[in-house]
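Trainee: The chain contents come next:
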Amino acid sequence: MTEKTAESSRLKTITLKVNHKEYTVDVEPRMLLSDVLRDELRLTGTHVGCEHGVCGACTIMIDGRPVRSCLVFGVQADQANLVTVEGLESEDGELHPLQKGFWEKHGLQCGFCTPGMLMTACHLLEHNPHPSREEIREAISGNLCRCTGYQGIVDAVEYAAKEMRERAE
Amino acid sequence: MKPAAFDYYKPETLDEALSLLDEFGYDAKVLAGGQSLIPMMNMRLARPPVLIDINGVQGMTGIEVGESEIVIGGLTRHYMVEHSPEIQNSCPMLAEGIKLIGHSQIRSRGTIGGSIVHADPTAELPVMLTALGGKVTVVSSSDERELTPEELFLTYMTTTIEPNEIVKSVHFPVIAERTGHSIEEFTLRSGDFAIIIAAASVTLDEEGLIESAALCIGGVDGIPVKLEDVTDELIGEAPSEEIFAEKCAQIVDLVDPEKDIHASAEYRKDLCVALSRRVLKKAADRAKQA
Chain A
1 MTEKTAESSR LKTITLKVNH KEYTVDVEPR MLLSDVLRDE LRLTGTHVGC
51 EHGVCGACTI MIDGRPVRSC LVFGVQADQA NLVTVEGLES EDGELHPLQK
101 GFWEKHGLQC GFCTPGMLMT ACHLLEHNPH PSREEIREAI SGNLCRCTGY
151 QGIVDAVEYA AKEMRERAE
Chain B
1 MKPAAFDYYK PETLDEALSL LDEFGYDAKV LAGGQSLIPM MNMRLARPPV
51 LIDINGVQGM TGIEVGESEI VIGGLTRHYM VEHSPEIQNS CPMLAEGIKL
101 IGHSQIRSRG TIGGSIVHAD PTAELPVMLT ALGGKVTVVS SSDERELTPE
151 ELFLTYMTTT IEPNEIVKSV HFPVIAERTG HSIEEFTLRS GDFAIIIAAA
201 SVTLDEEGLI ESAALCIGGV DGIPVKLEDV TDELIGEAPS EEIFAEKCAQ
251 IVDLVDPEKD IHASAEYRKD LCVALSRRVL KKAADRAKQA
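From first to last, the protein sequence lines stand for chains A and B.
To convert, note that position 12 of the first sequence is 12 in UniProt numbering; the numbers rise steadily by one, no gaps.
To convert, note that position 176 of the second sequence is 176 in UniProt numbering; the numbers rise steadily by one, no gaps.
Just so you know, the hints here were simulated from the structure itself, not pulled from any lab data.
What you were told as hints is all true, and nothing was included just to trick you.
Now the stretches of chain B that chain A is said to cover, found in silico as 3 or more residues with beta-carbon under 8 Å: (1) 4-16; (2) 185-191.
Here are some, though not all, of the chain A residues that point toward chain B, as calculated from beta-carbon distances under 10 Å: (3) P29; (4) E51; (5) V72; (6) R137.
Every residue gets a Cβ at the ideal spot worked out from N, C-alpha and C, and that includes glycine.
Please model the complete structure; the sequences and the hints are all you need to start from.
Mentor: Written as structure tokens, this is what we have:
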């Protein structure tokens, strides 16, 4: 839809498909997607840390790609398919292998970075079922963790990779 | 911190986007990937009154590999180039360097045109464009022109692109025969802003001597610096670790980096020498196998 008129003072109606559910909300164009998710849709699993693209805590999937939701305006995600950390567990409530891995391998302490870590790792495992520890470290290098020293997180992703390979067989 | 309010436009065609730029001039900023613009807006270092979101513009995305030239639409995202098998074969430097841009989350959104016009001298694309002698096509509602990197980059974050122009496409040459490419950077953390980037292309003649070479450094000046003084002296030489070490030693006198909290000027000079030797050697080794 072409916007012929300025939208700053007016709210814009957008439709977001988040975790297979449709939401229609009115937002100001300057509202970041991370804030739309948290404040408008009450999907507070997506965390907001630095708000300028450094920490990675707000990482979600947009149309199958990992994206920092603090570097996208909500209006830009109109009609897009989003997956947030709330969308990881299966419908019957079973945890995603990555979520299990973080549990089993002590991949989280304070848990603030965890949603972003999970979404980033999820994209890695979708495209690389056999990541080396080096590849895991490279993949999560855009996500800051201040607690764990990353050892547990790398262990957790390895655990999930193995779990997912076994399921696929 | 949140962005200041702005008027938001989402044109569907390039013509529409260009006429909006004519209307708003300096008040407008083009929003493509937003991976540099939105952080600045979040910190309110930038508060453009008007944003023209070109993400819906058709026909500005895609990679075309021709006989001698690769044409990449300005709106093409980094990950598309990263995963293009054609780019791996036709321009190994681009394939290698694009992976060094930010993190996968940034490459999902960031665009080729956006990175070029942002003109960060420590960014990978301006260095690669300069090293390889690429070109940029910019359009306005009344004109279309081609710019070489020398004509394009003015200084830090500043180009000669007019406020009513948009980068339509970016052009890289297809790798020549008996040629090797290499690009490396030094960062504090994988994916961070580079302290120093070095990119090299080496072409060997049929006897295996250096026929031509290009070397470009990012992070030492307001624009990527092409070191022709070094590469001119390499012509006709047999590629070896010794010759690259000898010729690269002079780089300490050719570059004049600034210091900051991350590295002193001296350390940056050392990095320039070390990375230049390494990329020239690697490019020459690859040229031998080409």
